[in-house]
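Letter by letter, the chains look like this.
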Amino acid sequence: MRRHTHPFLLLSLLCLSSLCACSDAEPNVGVTDKNPKDADKEQVQNPNPWFKDVTADVNLKFNHHTNSVSKYFLPQMMGSGAAMIDFDSDGLYDIYLLQNAGPKSNRKNQLFRQTNSGQFVNVSENSGLDIAGHNTGVAVGDVNNDSRPDILITQYTGARLFLNQSEGAIPSFVDVTESSGIRNPLWGTSASFLDYDRDGFLDLVIVNYVDYYDDRWCSDSSSKREFCGPTAFQGRVTKLFRNLAAKNGVTPRFQDVTLASGLSVKRGAGLGVYCADFNGDQYIDIFVANDGMENHLWINRKDGTFIEQAAQRGLAYNRMSKTEGDMGVTIGDVDGDGLFDVFVTHLNTETHTLWKQRPRGIFQDVTSTFGVSQTKWRGTGFGTAMSDFDANGTLDLALVNGAVLRTKGDTPTNVPSGLAKFWHPYAERNQILTNDGNGRFTDVSPDNPAFSKQAAVSRGLVVGDFNNDGAQDMLVTRVDSPASLYYNYAKTRGSFLTITAVDPKLNRVAYGAEIVVRVGDKSFRRVVNPGYSYLCSNDPRAHFGLGKVESVDQISIAWPDGYTEKFPGVRANQFLTLERGNGEQLNAG
Amino acid sequence: MKNSATIFVALSLLAIIVISLAIFWPESSSKPSDQLPAPNLPDDSKGNSFHSTATINPPETPSNNLDFAIAQAFDSARAKIIRNRQSHEAWGELGMVSLAHELYEEASLCFDQAVRLKPNMAIWHYCLAMALMDRNQTRALGHLEKSANLTNGSPTAPHLVLIEKLIEFDKLDLAQTHLNKFLQKQAKDGRALLAKGRLLYLRGDDRAAITALEQSLLHAPGRRHARLIMARAYLRLGNEAMSQKVQASADRIGLSHPWPDPFRERVLSHRTGLKHLLSSADLALNLRHTGKAIKFAKKATRGYPKSQDAWIKLGRAHLRLRNLRDAATAFDKAMAISPESPDAMFRKGIVHIHAREFKKGEQLYRKAIALKPDFTMAYLNLGLCMAGQNDIPGAIKALQDGILIDPDLFALRFRLADYLLRAKLPNKALVQFKEALKLNPQSQPTKDRIAQIKRMLAKPIP
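Sequence order for the protein chains is A and U. Here the working numbering is used: the first residue of the first sequence is 2, the next is one more, and so on. Here the working numbering is used: the first residue of the second sequence is 2, the next is one more, and so on.
Since the hints were made in silico from the structure, they are not lab data.
Taking lysine-lysine and the DSS-like style, the derived pairs with C-alpha atoms no more than 25 Å apart in a straight line are:
1. A:Lys72 to U:Lys368
2. A:Lys267 to U:Lys448
3. U:Lys398 to U:Lys425
4. A:Lys225 to U:Lys296
5. U:Lys368 to U:Lys307
Values in this document were obtained by computation on a predicted structure and should not be read as measured data.
Whole structure, please, built from the sequences with the hints as guidance.
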């Protein structure tokens, strides 16, 4: 119904309009979107930021290189990842960082060992891991169950498996790619270990991007040369390698089961991956985030084969059934309803998507409802993680940004020193969103200038407790810039519990296990799996923020084969290792 | 003096009261929750144009290496504004040129002026909304609603886009209100029925969603989307078999034309430049409108003779018509621009295959593979070239090399199986055909070959 306005009031409104020189009224529909330039003004110095940049303090010296960028060679733009790995099993997590300057470069991947004093020492030389190449992603997992974490690296047209044979603090990794049967001459991106066939040995999934031609000419809307997008090329299959169990207990052997498992029937421009039980049948499924194409959710049929069901289960597209530029992946229960939800980062012209799981196995895009689209500024997100940074009992979100197309208008000035001018129009700032406990997110990036103030072409995000203080820290990798390590010094942190779920028969962390911590009528759920974010491997321990709780009532673990047991309650603020078989059986699996 | 001061103070107070009343007057300020406040616009009917455009300059032509054709279009539209700053058409045209080339800031500035000069022109509100949507969704929605009100259902696009945007931004109640209003007038509109189905699905009413979506299936542009939502609704209802069936039918639907939208089409008609020509040629090729593709590609090669892509597109179009000579010339031009281009070599190789110049084709494919070792399609065509020279072992080797790179490509498996059969290796061929069938379970030729080999193997050896 059309409403009438009193002419006198109309006149007054006109006066107001001319006084204020306002333009159009702002309808209050709860959708905000701000220009990055406006966001600059919002940078305030929070007296209690959560994070501090400790890169220099801990002596982490790594500068990522891509070599010449004049040819718009897409693999350079897509960046490289990093891994959090305790290669020497001393309880202190070390860092492995990848280079992307090509096979002929003298820029090589670097391994940094953490010492008792918290300093990082470069131990790359003779480690076996100091290789050059267009190195992209990294996955960490113990492929031969010898209790030592091994490393898989993906590359532009390759993948390499390194067996950890380190004794003590001296790193020693042996390239067993050929003998192990890992062969992936495609553009590998993210990778993850999983035990999809429940045989106790970690299988491997490698996500591949596109069939890339480096002479393909792509342009922006003004016809100026620009990096190509994924739709200019054919997508590739995601590869699945089954672990056939180590020969003599040492040398791993894998079989390419992509075809046999059914994963070859669909192709995509894969960038992100998460392996977990997505439909509640206690078998590990595979979610692949595809760039510019529909995502894939490979549901485990329990017979060695998979069926793709992303569209039916709501994860293939956004709410409007549109494909988006899907990059990094993380999962977590954002509203404490006992079901994990899925978050995927997207382009700065889209919104990052949060899919809420309800009921089990069905997902719905709730991006606008949960405040994920109402951020202080927009960015093209890559690495991402859901983690309880302030340990208040709810999962927060971190994402690292860097455009893939030149940003129009002013380029940011607060970029890493030494970043080539070529990259400046691609530089964007990172973001942190805090959770109100009901899954409603608020952007607190300006309160965390150490993490969010500088603009860069960020790609990888590793989350974990590097300094073993019970708080979740972050490591960020960037294109052609130094990696940065941020320690969590949030002053108002709540209690925590960090659990390592170990299967003693397998001598390793139980990837794929689901841990539920109960406190009163509340439950906190985590999946044990370091392979998420984008191109990265994270902390394999499950971190629980507990708020003001001093102890928990019960811990239950559903092991990857479905066997479930419960453990008694413990006091908060400790690191706990729970071994299979030491609890009380709930379910035989 | 004292009196005049008192009068001044009294007048000021009165003004403040009036202004405060204006702000807090319920009729003018409070908005029902199910309605978007309208954009604050001058009352055009009274001729009150309080925002003069006489002093506002049109945006400068972006200097950042803008494509010359786009720059020309921009300059030409800009000149029209300089000639007549009060022309909403002139501002609108520059806005459309900008919007068509994703120059959003320039576009919104122009449409702002067009809206001020002609507030009752639905297209300017619509275009302003599109220019703002990525940067200020709140304002964009206001202008979209204004456009919908002004068009009053003809064309339908502004109202339907508004409904879709409200659904996208989770303003479901508001979307429902607008949808009800729309359906009262046009109950059978396919796009509206799709929106209704989506809305019902998002609200958890799966059965009603399926009913609405089934009705929308009659309208081609929304068929795929409708089926995608239906598949999810069926799964949520616990009917996995039906969900799988509907999903499979959605997967079989290719790209369809977009919903009709004359405002959008008017904006897109301003596209120009190399990128536009190349994408138009590509689209025409995909739709098998080869004549159109040649037209676009030729225009691209004339305007941008150093564009390798333009020559490749032209060559592809000629190849489609089997104009081998013209195709070869175009690919030669592409290779002259970029001598190390595996893509150009690959295309030129196809010309050689058609011309049965298999040796020449082989040379090109070997070179392309040397430059791009994971070039699976080059292995496939190398196989064809080898077979063309009656070198079946060579063809098998090429395809086996390709399979090592990409074991999951149907065409490689099928072709390899075929050559193995020709090499009188039926058992090996059978293995490859079976693998090919796993990759494409619908392939009838593969099924036929498998049956053929099985019959062959079943016959007793004489």
